[in-house]
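Colleague: The sequence shown maps to residues 1 to 106 in UniProt numbering.
These are computed hints drawn from the structure, not numbers from a lab.
C-beta atoms are modelled at their ideal positions from N, C-alpha and C, and glycine is treated no differently.
Mixed in with the good hints there might be a few duds.
[Said to hold, decoys possible] Derived DEER-like restraints, expressed as beta-carbon distance ranges:
#1 S86 / E31: 14 to 22 Å
#2 P18 / F65: 14 to 22 Å
#3 D40 / N61: 16 to 24 Å
#4 L95 / F65: 13 to 21 Å
#5 C15 / Y70: 29 to 37 Å
[As the list claims (entries may be wrong)] Keeping only pairs whose Cα atoms sit at most 20 Å apart, straight-line, the calculated SDA-like set for lysine to any residue is:
#6 K69 / N39
#7 K69 / L95
#8 K105 / P87
#9 K69 / V57
#10 K69 / A55
#11 K32 / E71
#12 K32 / R77
#13 K32 / P87
#14 K69 / T58
#15 K105 / V92
#16 K32 / L104
#17 K32 / K69
#18 K69 / G35
#19 K32 / N61
#20 K105 / N39
#21 K32 / A91
#22 K105 / V21
#23 K105 / Q24
#24 K105 / L95
#25 K105 / A20
#26 K69 / T101
#27 K32 / R98
#28 K69 / V21
#29 K105 / A16
#30 K69 / S86
#31 K32 / V21
#32 K32 / D76
#33 K32 / R74
#34 K69 / Q85
#35 K69 / A100
#36 K32 / V60
#37 K105 / A91
#38 K105 / A55
#39 K32 / T101
#40 K32 / A100
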Amino acid sequence: MQTSPAIPPREDNPCASPVAVWQQLLTYLLEKHYGLTLNDTPFCEENVIQAHIDAGVTLVNAVNFLVEKYELVRIDRDGFNWQEQSPFLTAVDILRARRATGLLKA
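Let's have the full structure, built from the sequences with the hints guiding it.
Modeller: Spelled out as structure tokens, the structure:
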């Protein structure tokens, strides 16, 4: 009887640093949801990202802080809704970004 590991090894980018992962996700999230580039934010500098990681700040909280500080508006929402639409990201947005960037396999 042959067994296989429960989690298949990642072959595409096995050693991506946390900073590189944040850069990839931030690039996607900022462009898709707010129409910004990484260079439009303090996160264009690796040391800023590393400081957030070292402080234990989650990616979603880091982005949502920018949203609150600069009163960013999401551009990925269609039309008018009777409910006020939150400009903040959720865990679902992060998961979708991970899948879209290839960091989460379906």
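Colleague: Would you mind marking each hint as holding or not holding in the structure?
Modeller: Now for the hints, and whether the structure bears them out:
1. S86 / E31: 14 to 22 Å: Between S86 and E31, where Cβ atoms are some 19 Å apart, the hint holds.
2. P18 / F65: 14 to 22 Å: Holds - the Cβ-Cβ distance for P18 and F65, about 18 Å, lies within 14 to 22 Å.
3. D40 / N61: 16 to 24 Å: Roughly 19 Å apart at Cβ, these two residues keep to the hinted range, so it holds.
4. L95 / F65: 13 to 21 Å: holds, 20 Å
5. C15 / Y70: 29 to 37 Å: Holds - the Cβ-Cβ distance for C15 and Y70, about 34 Å, lies within 29 to 37 Å.
6. K69 / N39: Roughly 17 Å separates the two Cα atoms, so the pair holds.
7. K69 / L95: violated, 24 Å
8. K105 / P87: violated, 27 Å
9. K69 / V57: holds, 16 Å
10. K69 / A55: The hint holds at about 19 Å.
11. K32 / E71: holds, 16 Å
12. K32 / R77: holds, 10 Å
13. K32 / P87: holds, 13 Å
14. K69 / T58: Judged against 20 Å, a Cα distance of about 17 Å means the pair holds.
15. K105 / V92: holds, 15 Å
16. K32 / L104: Distance of about 18 Å is within 20 Å: holds.
17. K32 / K69: holds, 19 Å
18. K69 / G35: holds, 16 Å
19. K32 / N61: Since the Cα atoms of K32 and N61 sit roughly 17 Å apart, the hinted pair holds (cutoff 20 Å).
20. K105 / N39: With Cα atoms ~28 Å apart, K105 and N39 exceed 20 Å; violated.
21. K32 / A91: holds, 15 Å
22. K105 / V21: holds, 15 Å
23. K105 / Q24: holds, 15 Å
24. K105 / L95: holds, 10 Å
25. K105 / A20: At roughly 18 Å apart (the allowed maximum being 20 Å), A20 and K105 satisfy the hint.
26. K69 / T101: violated, 26 Å
27. K32 / R98: holds, 13 Å
28. K69 / V21: Violated, because 23 Å separates the two Cα atoms, which is more than 20 Å.
29. K105 / A16: The hint holds at about 15 Å.
30. K69 / S86: holds, 14 Å
31. K32 / V21: Holds, at about 17 Å.
32. K32 / D76: Given that 20 Å is the threshold and the Cα spacing comes to 7 Å, the pair holds.
33. K32 / R74: At roughly 9 Å apart (the allowed maximum being 20 Å), R74 and K32 satisfy the hint.
34. K69 / Q85: holds, 17 Å
35. K69 / A100: Not satisfied, since the Cα-Cα distance of roughly 27 Å exceeds 20 Å.
36. K32 / V60: Given pair K32, V60 holds - Cα atoms ~14 Å apart, limit 20 Å.
37. K105 / A91: holds, 16 Å
38. K105 / A55: Judged against 20 Å, a Cα distance of about 28 Å means the pair is violated.
39. K32 / T101: Holds, at roughly 12 Å.
40. K32 / A100: The hint holds at about 11 Å.
Figure legend: structure checked against the earlier numbered hints; hints not met, in rising order: 7, 8, 20, 26, 28, 35, 38.
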